[in-house]
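Number of protein chains: 2
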Amino acid sequence: MDTAPRESHEISGWDYEADVVVLGLGCAGASAAIEAGRAGADVLVLERSSSGGGSSAIAGGELYLGGGTRIQQACGFDDDPDEMCKFLLVACGPMADEERVRCYSDGSVAHFNWLVDAGVPFNPSHWPDPCWVPPTDDGLMWLGENSAPFNAIARPSPRGHRPATGHFGGWLLMERLRAEMDAITGVGVVCDFAAERLVVERGRVMGAVGRRYGADVAVRARRGVVLATGGFAYNEVMLRQHAPTLVGHPKVGTDTDDGRGILMAQAVGAAVQGMEAGQAAIAVPPLLLVRSLLVNLQGQRFINEDTYPGRVGQEALYHHGGRVFMVLDEESFESVPPEGRRGARPTWVCETLEELEGEMGIPTGALAATVGVYNTYAARGEDPLFGKNERWLKPLRSPFGAIDVVAPNEVAAGLVEGPRTGFNIFTLGGLRTTIDGEVVGLDGDPIDGLYAAGRVTSGLPRWGYISGTSLGDGTFFGRRAGATAARR
Amino acid sequence: MDTAPRESHEISGWDYEADVVVLGLGCAGASAAIEAGRAGADVLVLERSSSGGGSSAIAGGELYLGGGTRIQQACGFDDDPDEMCKFLLVACGPMADEERVRCYSDGSVAHFNWLVDAGVPFNPSHWPDPCWVPPTDDGLMWLGENSAPFNAIARPSPRGHRPATGHFGGWLLMERLRAEMDAITGVGVVCDFAAERLVVERGRVMGAVGRRYGADVAVRARRGVVLATGGFAYNEVMLRQHAPTLVGHPKVGTDTDDGRGILMAQAVGAAVQGMEAGQAAIAVPPLLLVRSLLVNLQGQRFINEDTYPGRVGQEALYHHGGRVFMVLDEESFESVPPEGRRGARPTWVCETLEELEGEMGIPTGALAATVGVYNTYAARGEDPLFGKNERWLKPLRSPFGAIDVVAPNEVAAGLVEGPRTGFNIFTLGGLRTTIDGEVVGLDGDPIDGLYAAGRVTSGLPRWGYISGTSLGDGTFFGRRAGATAARR
Chain A
559 MDTAPRESHE ISGWDYEADV VVLGLGCAGA SAAIEAGRAG ADVLVLERSS SGGGSSAIAG
619 GELYLGGGTR IQQACGFDDD PDEMCKFLLV ACGPMADEER VRCYSDGSVA HFNWLVDAGV
679 PFNPSHWPDP CWVPPTDDGL MWLGENSAPF NAIARPSPRG HRPATGHFGG WLLMERLRAE
739 MDAITGVGVV CDFAAERLVV ERGRVMGAVG RRYGADVAVR ARRGVVLATG GFAYNEVMLR
799 QHAPTLVGHP KVGTDTDDGR GILMAQAVGA AVQGMEAGQA AIAVPPLLLV RSLLVNLQGQ
859 RFINEDTYPG RVGQEALYHH GGRVFMVLDE ESFESVPPEG RRGARPTWVC ETLEELEGEM
919 GIPTGALAAT VGVYNTYAAR GEDPLFGKNE RWLKPLRSPF GAIDVVAPNE VAAGLVEGPR
979 TGFNIFTLGG LRTTIDGEVV GLDGDPIDGL YAAGRVTSGL PRWGYISGTS LGDGTFFGRR
1039 AGATAARR
Chain B
559 MDTAPRESHE ISGWDYEADV VVLGLGCAGA SAAIEAGRAG ADVLVLERSS SGGGSSAIAG
619 GELYLGGGTR IQQACGFDDD PDEMCKFLLV ACGPMADEER VRCYSDGSVA HFNWLVDAGV
679 PFNPSHWPDP CWVPPTDDGL MWLGENSAPF NAIARPSPRG HRPATGHFGG WLLMERLRAE
739 MDAITGVGVV CDFAAERLVV ERGRVMGAVG RRYGADVAVR ARRGVVLATG GFAYNEVMLR
799 QHAPTLVGHP KVGTDTDDGR GILMAQAVGA AVQGMEAGQA AIAVPPLLLV RSLLVNLQGQ
859 RFINEDTYPG RVGQEALYHH GGRVFMVLDE ESFESVPPEG RRGARPTWVC ETLEELEGEM
919 GIPTGALAAT VGVYNTYAAR GEDPLFGKNE RWLKPLRSPF GAIDVVAPNE VAAGLVEGPR
979 TGFNIFTLGG LRTTIDGEVV GLDGDPIDGL YAAGRVTSGL PRWGYISGTS LGDGTFFGRR
1039 AGATAARR
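Keeping their order, the protein sequence lines are chains A and B. Quick note: the first sequence uses the numbering used here, first residue 559, plus one each step. Quick note: the second sequence uses the numbering used here, first residue 559, plus one each step.
If you're looking for bench data, these hints aren't it; they were derived computationally from the structure. These numbers were taken from a predicted model, which means no experiment stands behind them. Keep in mind that a hint or two might mislead.
Derived contacts from chain B toward chain A, CB cut-off under 8 Å, selection only [to be verified]:
id, residue
1, G827
2, P921
3, T934
Over the 12 Å line for every Cβ pair with chain A, so calculated as not near, a few chain B residues [unchecked claim]:
id, residue
4, R596
5, S607
6, G626
7, R628
8, P686
9, Y876
10, H877
11, G999
12, R1020
13, R1045
Note that beta-carbon positions come from the ideal geometry of N, C-alpha and C, so glycine has one too.
Please model the complete structure; the sequences and the hints are all you need to start from.
Here it is as structure tokens:
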């Protein structure tokens, strides 16, 4: 893809013109358009697909919000921005951007209210159990705050805020943001526009060119261009160059996450950061995971199984080659109701650990040593190695079982089509921006007229990832980028 | 640092002019200059320091060469390019560049001969033991080929070729390359020149500007500019953006490795890759390491301790947070002659593993479980978990000891000044290039007039690292870059 910029004098005529041009209509683009429009700017949103929504619309819907929102208060949780900030600095690190995390934490209650005013409904009720997405319409959920190491770093409060849908809620967030945006006079949308290059004039970004229905289209931006084009999970070349760990795994998102916004910005001198980072959701039922010993090929545990499952997946894929197994016993397996097992069944069941080691290909005695240490401490309600909560600690007893995470059994059994991998990935690296959404150049200075938000940027999650920091980051910093562009 | 390019019409006059301009006089720059000069080009090498040599001159001196060199043959090793290629694809991966590894392996014997012709002396003798740099002037050493997992992937042959010095040999390599270069009419050197920006004309690179003794200096390159400016270990901003794992550790190299070549090239549209990757040399004596169990904070082993120690360090720092310990017993410690211990002493010595766990802060029973499994198999001469060679396997017996790798005891005891860290790092990420040394742009096409080699590029080691692939890669692909630039 050639993304080299065009000089304005090369453009023979403008097909569209606006004060602020937003590329991409996911949650970041919609939020940017709303704020730019409210600031009085004439706004044009250019979207590649035929309707917009992007990866935001198919997301779980959690927004990481806290510091004492009305929902947190109604559910009896006493939170404040400092505690939220302490949590995010560790969860999004190493190298989490302190200024960004501080700004986000301090502004979180106001951002929650903004979302409510935009029509996003959150129920004042709390789902208490480990999960990816609760099976209810509860408005609040834990995202690792109550597990090690975070419960010792910041006072635990659940901060996963969910639109009231009963399941995935990204579509509802987008529906409401879109309605809010459409209600603003001066905000227009053009779909089916594939942006290809930025247009510059004396170093300043002042438009974009691309293709629409096979024709070249040029768009002039009087004040600035906001990039909200998503990450690069679907660009295999970029994945191999920057995030090789993520290659070969199924992706979470839409195929418009092809990195073109990053490339277009780099072509005018933008800096990127954290390009190797990615989220790797481990495709196992959390209620089974917390009762298991998650072990690697050497039969070793490596994380508290009750922490946010995204962290478990990241650790398993980045640090253990993605070859991991959930070891548990019959009693633990049976204690999870069938709907909580989500179709998972043990890959192997054995009377003894020695037999199980043989089935799993782990040297005799290695898994038994791990289980021995675990059981000794679990009997006392302790997990000094990794800090799993007492609630999930129970010595494992025969018969034992293990689930091969890399070969989900529905796939292995040929029951469903799918890749034989237990991780679903997306990228976290991207453009460097200021907290006001200005894209930063290689020299460290903002690039005049260029703004960005959402997954096209390296945002809140620098290396670690917590659910809700995609939609949370995209809407929060999308708003700031839109406001900054309108003010220019 | 502002590295935005200058347009040629902005340059009022040229201070220097040559067919090929090489920035940086380390092994890559010298090799590029030699080949460009031999091809008949008028060459100017611009060096930032007052004498040149760079990180190459202070390096250990190993060159990764094989496929059947005269030294390998003299020492009785039967190697071929296919086996070398198989090894490097795994050792430099994941995402090792197959075309590059193939080209390097196939050309390795010829490159060895080129180095010999340039006056680099290699003795036809082999050092057999694990080490960073042998204490002898033997010309050949192992670099992990004879240990797991590599010994099962490719037929083991030692490929570490060492200039005959008796210790670090990078200076001798540079001395001979420099003499070879100086003997070529038409190759000149200007020192104390700090390059800052490239000069472009209609998208083509045709020079560079920088500072020398406080004055602006402009240099015209009729055919092309070869970047050989080194990595970015000494640029803290870049490290934090791209390789956060490496932040805070002592660096291997010279402080001219500040990433400016990467930034200058990015400013004209160059692509980078693998920016997170780095080498992390674990600062422990290999002869003690191979006899130890290297464990993390949970008392778990994670690698065969007899593999190339650079791999051990990378695994420890990237995947175990750099908090690791060498556990061994008195008998093993005493079996290493004092000169092989290099001043290392146990941080703790205890009669029982339980006491040792208490001293180390490892939960009771966790280290004992690890040692139990290890001892059971070691007694049979096996290490099924990590594949350490039988030569180093011996059950550990009381009294036990452990060395805290993160706090080298000379430093902890206040005997020597130094950082309390057991890793010495440098960067591996950089510019994308073709195997002919052309710098590749964001669009995937070569940038006209711009070439690069050495640590400024992402070369042979994409993620993994083996000693000798810095000087080997720099000289081999430096030659190709110089030849390509001269041909333009």
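Checked hints:
| no. | hint | verdict |
| --- | --- | --- |
| 1 | G827 | holds, 6 Å |
| 2 | P921 | holds, 4 Å |
| 3 | T934 | holds, 6 Å |
| 4 | R596 | holds, 33 Å |
| 5 | S607 | holds, 24 Å |
| 6 | G626 | holds, 31 Å |
| 7 | R628 | holds, 36 Å |
| 8 | P686 | holds, 29 Å |
| 9 | Y876 | violated, 8 Å |
| 10 | H877 | violated, 4 Å |
| 11 | G999 | violated, 8 Å |
| 12 | R1020 | violated, 7 Å |
| 13 | R1045 | holds, 25 Å |
In this structure, the hints that do not hold are numbers 9, 10, 11, 12, in rising order.
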